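Asks: Quick note, the sequences are listed as chains A, B and C, same order. For the first sequence, the working numbering assigns the number 1 to the initial residue and increments by one for each residue that follows. For the second sequence, the working numbering assigns the number 1 to the initial residue and increments by one for each residue that follows. For the third sequence, the working numbering assigns the number 1 to the initial residue and increments by one for each residue that follows.
Incorrect hints may appear among the rest.
Label-pair ranges, simulated between beta-carbon atoms [said to hold, decoys possible]:
1. S129/B / G353/A: 19 to 27 Å
2. R77/C / P39/B: 52 to 60 Å
3. P273/A / R231/C: 53 to 61 Å
4. S129/B / R231/C: 52 to 60 Å
5. P89/A / F278/B: 29 to 37 Å
6. D188/B / R231/C: 13 to 21 Å
7. R204/A / L214/C: 51 to 59 Å
It should be emphasised that the hints constitute simulated quantities derived from the structure, not laboratory data. All figures in this text were calculated on a predicted structure; none of them were measured in a lab. Ideal Cβ positions, reconstructed from N, Cα and C, are used throughout, including at glycine.
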Amino acid sequence: MTLIEMKGLRKVFGRNIEAVKNLDLSVEEGEFLVLVGPSGCGKTTTLRMIAGFEEPTAGEIYIQGRLVNDIEPGQRNLGMVFQNLALFPHKTVAENIEFGPRMKKVDPETRLRRVREAAEMVKITHLLDKLPGQCSGGEAQRVALARTLVTDPSVFLLDEPLSSLDAKLRREMRAEIDRLHQRLGKTFVFVTHDQEEAMTLADRIVVMRDGVIEQVGSPLEIYGDPVSHFVADFFGSPSMNLIPGTLSQESGKARFRAPGLTVELPPSFSQAPAGEATLGFRPEHLAVSQNGGIFRGEVRLVEPLGKDTLLYFDRGGERPLIAVVEGTRTFREGDTLGVSVNPDLLYLFGGDGKRIRRGSKGTGIRPA
Amino acid sequence: MKRFVKKWRYPLFRTLMLTAWALLAGFPIFWITSTSFKPDNEWHKWPPVYVSKNATLDNYRMVWPIHQTGSIFVTPDQKGHGVAHESVTANKPWHALKNSLLIALSSTAIAVAFGTLLAYGVSRYRILSDTRMFQLLVLRMIPPIVVAAPLTLYYSVLQLMDTASGLIVVYFITSLPYAVWMTKSFIDEVPREMEQAAEILGASRWQTIWEIIFPLIRSGVVATFLFILILTWSEYLLSFILSKVDVVTLPVQLSKYEGSTEGRVYGHQAALAVGITFPLIIIGIFIRKHLVRGFTFGMVKR
Amino acid sequence: MTASATETAAGTGAAPARGSRSRGIRIFKWTLLTPLFSLFFFLMPVFLLQLYFSLHSWTIYLSSWWDADYAGFDLFREVLTESRFYWAFARSFLFAGLSTVGCFIIGFGLALLMYRPFRGHSVFYVLFILPMLTVPIVISYTADMLLFRSGPINDIMSFLAGTEIRFTWLANPNFAIFTIIMLEIWNWTPFAFIIMLAGLSSLPAEPVEAARILGASRLRIFWEIQIPLLRPVIFLALILRFLEAMAEFPKTWGLLQGGPGTSTETIPVYLYIVTWRAFNVSKGAAASYLVMLLMIVIILSAIYVLRREKKALDALYEKPAGGGEA
Ligand SMILES: Nc1ncnc2c1ncn2[C@@H]1O[C@H](COP(=O)(O)OP(=O)(O)OP(=O)(O)O)[C@@H](O)[C@H]1O
Ligand SMILES: [Mg+2]
Numbered sequence: 001m002t003l004i005e006m007k008g009l010r011k012v013f014g015r016n017i018e019a020v021k022n023l024d025l026s027v028e029e030g031e032f033l034v035l036v037g038p039s040g041c042g043k044t045t046t047l048r049m050i051a052g053f054e055e056p057t058a059g060e061i062y063i064q065g066r067l068v069n070d071i072e073p074g075q076r077n078l079g080m081v082f083q084n085l086a087l088f089p090h091k092t093v094a095e096n097i098e099f100g101p102r103m104k105k106v107d108p109e110t111r112l113r114r115v116r117e118a119a120e121m122v123k124i125t126h127l128l129d130k131l132p133g134q135c136s137g138g139e140a141q142r143v144a145l146a147r148t149l150v151t152d153p154s155v156f157l158l159d160e161p162l163s164s165l166d167a168k169l170r171r172e173m174r175a176e177i178d179r180l181h182q183r184l185g186k187t188f189v190f191v192t193h194d195q196e197e198a199m200t201l202a203d204r205i206v207v208m209r210d211g212v213i214e215q216v217g218s219p220l221e222i223y224g225d226p227v228s229h230f231v232a233d234f235f236g237s238p239s240m241n242l243i244p245g246t247l248s249q250e251s252g253k254a255r256f257r258a259p260g261l262t263v264e265l266p267p268s269f270s271q272a273p274a275g276e277a278t279l280g281f282r283p284e285h286l287a288v289s290q291n292g293g294i295f296r297g298e299v300r301l302v303e304p305l306g307k308d309t310l311l312y313f314d315r316g317g318e319r320p321l322i323a324v325v326e327g328t329r330t331f332r333e334g335d336t337l338g339v340s341v342n343p344d345l346l347y348l349f350g351g352d353g354k355r356i357r358r359g360s361k362g363t364g365i366r367p368a
Numbered sequence: 001m002k003r004f005v006k007k008w009r010y011p012l013f014r015t016l017m018l019t020a021w022a023l024l025a026g027f028p029i030f031w032i033t034s035t036s037f038k039p040d041n042e043w044h045k046w047p048p049v050y051v052s053k054n055a056t057l058d059n060y061r062m063v064w065p066i067h068q069t070g071s072i073f074v075t076p077d078q079k080g081h082g083v084a085h086e087s088v089t090a091n092k093p094w095h096a097l098k099n100s101l102l103i104a105l106s107s108t109a110i111a112v113a114f115g116t117l118l119a120y121g122v123s124r125y126r127i128l129s130d131t132r133m134f135q136l137l138v139l140r141m142i143p144p145i146v147v148a149a150p151l152t153l154y155y156s157v158l159q160l161m162d163t164a165s166g167l168i169v170v171y172f173i174t175s176l177p178y179a180v181w182m183t184k185s186f187i188d189e190v191p192r193e194m195e196q197a198a199e200i201l202g203a204s205r206w207q208t209i210w211e212i213i214f215p216l217i218r219s220g221v222v223a224t225f226l227f228i229l230i231l232t233w234s235e236y237l238l239s240f241i242l243s244k245v246d247v248v249t250l251p252v253q254l255s256k257y258e259g260s261t262e263g264r265v266y267g268h269q270a271a272l273a274v275g276i277t278f279p280l281i282i283i284g285i286f287i288r289k290h291l292v293r294g295f296t297f298g299m300v301k302r
Numbered sequence: 001m002t003a004s005a006t007e008t009a010a011g012t013g014a015a016p017a018r019g020s021r022s023r024g025i026r027i028f029k030w031t032l033l034t035p036l037f038s039l040f041f042f043l044m045p046v047f048l049l050q051l052y053f054s055l056h057s058w059t060i061y062l063s064s065w066w067d068a069d070y071a072g073f074d075l076f077r078e079v080l081t082e083s084r085f086y087w088a089f090a091r092s093f094l095f096a097g098l099s100t101v102g103c104f105i106i107g108f109g110l111a112l113l114m115y116r117p118f119r120g121h122s123v124f125y126v127l128f129i130l131p132m133l134t135v136p137i138v139i140s141y142t143a144d145m146l147l148f149r150s151g152p153i154n155d156i157m158s159f160l161a162g163t164e165i166r167f168t169w170l171a172n173p174n175f176a177i178f179t180i181i182m183l184e185i186w187n188w189t190p191f192a193f194i195i196m197l198a199g200l201s202s203l204p205a206e207p208v209e210a211a212r213i214l215g216a217s218r219l220r221i222f223w224e225i226q227i228p229l230l231r232p233v234i235f236l237a238l239i240l241r242f243l244e245a246m247a248e249f250p251k252t253w254g255l256l257q258g259g260p261g262t263s264t265e266t267i268p269v270y271l272y273i274v275t276w277r278a279f280n281v282s283k284g285a286a287a288s289y290l291v292m293l294l295m296i297v298i299i300l301s302a303i304y305v306l307r308r309e310k311k312a313l314d315a316l317y318e319k320p321a322g323g324g325e326a
């Protein structure tokens, strides 16, 4: 069932800052939806329009079939976790959690019980008498979650809730949020600009760019079937190698040319229009050998990560070509190596950034 | 040696300058305090007496009498026997103190309460534009003397002349701009998300103000309150013009000693002045840290 | 199309009244504004009365004020042809100008010496704010005690000079105004001091340190880094102080009542004497009107300057759109 539906949503700040342009999106009941995109693309604005803090310039928002454009945020039955958490610093953790039910005039006994339950759920019962200022980053995060879930909202809105945490805590809290989602079975709308967070948490990812939706899909679809140069570049770490060049069609054979590199494309590309294009392939789909390959070059940097090793090749362009190889093999900086790629795992993007074609195995590849 | 001079030159210079000004700043306060304890034959002496060897509380007994009936009041004489006096001014200070307290406290409270609400509206809903905010300062910037005459007539029509409520109203008006400006700079520092968190949890707008904003800016509001209290407590002109007979405030009461039949009664003036000034000094020391914050009126960014 | 659909839906939808956000906000805004409006309406008659009096000839000796004779602009003419009025203006400007400059020079100096904490810092701080906490009328009586011919100030000066000095601080018509200016400076230096101190200590330390490492002198840092960043607050403080000094009454009146002669008669004292000593209410009203007009001109230009400063400040600190992480 559709829980939130946005139709033709637009938001203009001031006279001409168009933060969101004509957005259509529906959020299904119980799903974990992640809004992702670079800074300033309108994620927060979208979320704040759902919450009711920002009035849409145009368009409609329905929550459970009810038009909520002019409904107070407090009456939309939503919960929100803010980027800076916005815990009330002058109230104890217990009072913070109790705030929602108290505003909704729940009787004191029920309130106490629900505070306890919520605290247990995120494992902070030992913190109830402390002030937020005395909690660590991760603890404060849990308090913010408890404060939201105690009101039993139909949707949880989370705006980059993990961005202020260090890497380890971040992973921990990510798991926690995932667990909460499983356990509560509620709808989550989660904003982030971290693609890894998006990949691991989402049922569905919405990629935004400059106020419009670029692509909607499951993490695997987004990863394996990016509709544009932008999406391809955004997901995956290290990101996809993208090489600008030209595509020519010669007697039914597609050939991609760029400085220092020529690739014969498989027959599935034979319909692609000739002209300016960008060829893409993921670093983990590259094979490295002493000789041969579509490209030969000197290894400029070797970055061992343990399980894998990253090899950076200088291509003269602004971005180096990156290959991921098994960590067991040893390479030295300055080695000259050949790089080859499975033609079925190639992506081709047109001059406008839209994808023209991909190799036949483009989908269904798990992120490395 | 050279290094030594170089290292200490600035601190020495600083201490000298600061001490010089501190002496200048403190001397008058010292002088009224000291004069308030002098017996009457030392008030006008040359060379002046700095600290009296015959310090006495007589001035205080005279100005702040403890026993009194109507305009008759009793003070102990040199030998400790009670002596009855009658005076035009003598039994008034307590009455003036009561008036001053009532008027200053209530007008300040009203100004700060409404000022905070207005400031909240400006900070969050922009109910007044930047220009309007500056125009609000006009209420404070226009010299009160300019409207004093029509105000007197207006007040006599409204029967507000010589009443506490009349003064409370004008003080409310003149303090409002400072109340708004100062509290706004505190409200601006509270993150918006804090309120939105409350809002989405179901709090109404008034609940948000009361439960979230107010506790968070409380120390700022207290500082604003005390600052305005200082201004109101010391206000002279309006009080002098709008109420001279029944509802005399302390500053006006003090001015009644000048030119009264007793001549230049420095000791009594000083005793009264100490009573007016010291509460303010105590308040000022109490809020000194906050003064710094409130006084920048949001015109300095951190 | 979508916008109109939203409006109709909001207007006729299921439960528009309860929880209608736009309406709630509108009501809330107006509620917050009511005190300001009531205040405005309360004050209106005062200004109308003022206008009435300045156009009608009335003094307290005449009977009922409401059937005073219409005088047109005669009263304004009378005021404007009186040299005493202009003199009062000149004195007020001298008083406000000199005292403001004095306050700020001393206040800046002190703040520069004080903005970095050192031992004994808070003792000095407390001593420095004392004058501001002293009730103005008390200052005028205290000044009388300190400055009369056999007062302690002359005694101390005699001690320092080594000969007996009996300077006439108050009864000398050429000097009395400067005495009052000094009192005003004494009284309000703390205001300038606090504002500057607040400003200086809230500025980020890095630019100053960077400049110091680059070899800039203290004075240069002050002029090129600290002052420009503090300009808005300095302007606001200067303007507030100047205007409050224009309105100063208790010290001038309490100490000298405009005397000796008219040598300390500033605008407020002049208005007071005309209205409450000569009971010439109408002439006072006309003079007040003129003063008010002038003040409004000053205030409006001040507002213009302040707004410009505030805008510049906001722009300086505005975060560029987007920015941050990719
Ligand atoms: N209140 C506002 N007034 C003016 N412009 C705004 C306002 N809020 C957002 N914007 C602009 O709208 C655009 C979208 O902002 P938004 O905060 O939605 O981005 P975001 O995707 O959340 O970015 P981030 O990842 O940095 O949080 C930005 O260009 C921003 O500058
Ligand atoms: Mg954001």
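Asks: Hint says 52 to 60 Å; check whether the CB-CB distance for S129/B and R231/C agrees.
Replies: 22 Å, violated
Asks: Could you see if the CB distance from P273/A to R231/C stays within 53 to 61 Å?
Replies: Once the Cβ atoms are compared, 60 Å apart, the range 53 to 61 Å for R231/C and P273/A holds.
Asks: Check the following: the C-beta atoms of R204/A and L214/C are separated by a distance inside 51 to 59 Å.
Replies: The hinted range 51 to 59 Å holds for R204/A and L214/C, with Cβ atoms some 54 Å apart.
Asks: When you take the CB atoms of R77/C and P39/B, is the distance between them in 52 to 60 Å?
Replies: Since the Cβ atoms of R77/C and P39/B sit about 57 Å apart, the hinted range of 52 to 60 Å holds.
Asks: Is 13 to 21 Å respected by the C-beta to C-beta distance linking D188/B and R231/C?
Replies: 19 Å, holds
Asks: Has the hinted range 19 to 27 Å been met by the Cβ atoms of S129/B and G353/A?
Replies: 43 Å, violated
Asks: That 29 to 37 Å hint for P89/A and F278/B (C-beta), does it hold up?
Replies: 36 Å, holds
The earlier numbered hints that this structure contradicts are 1 and 4.
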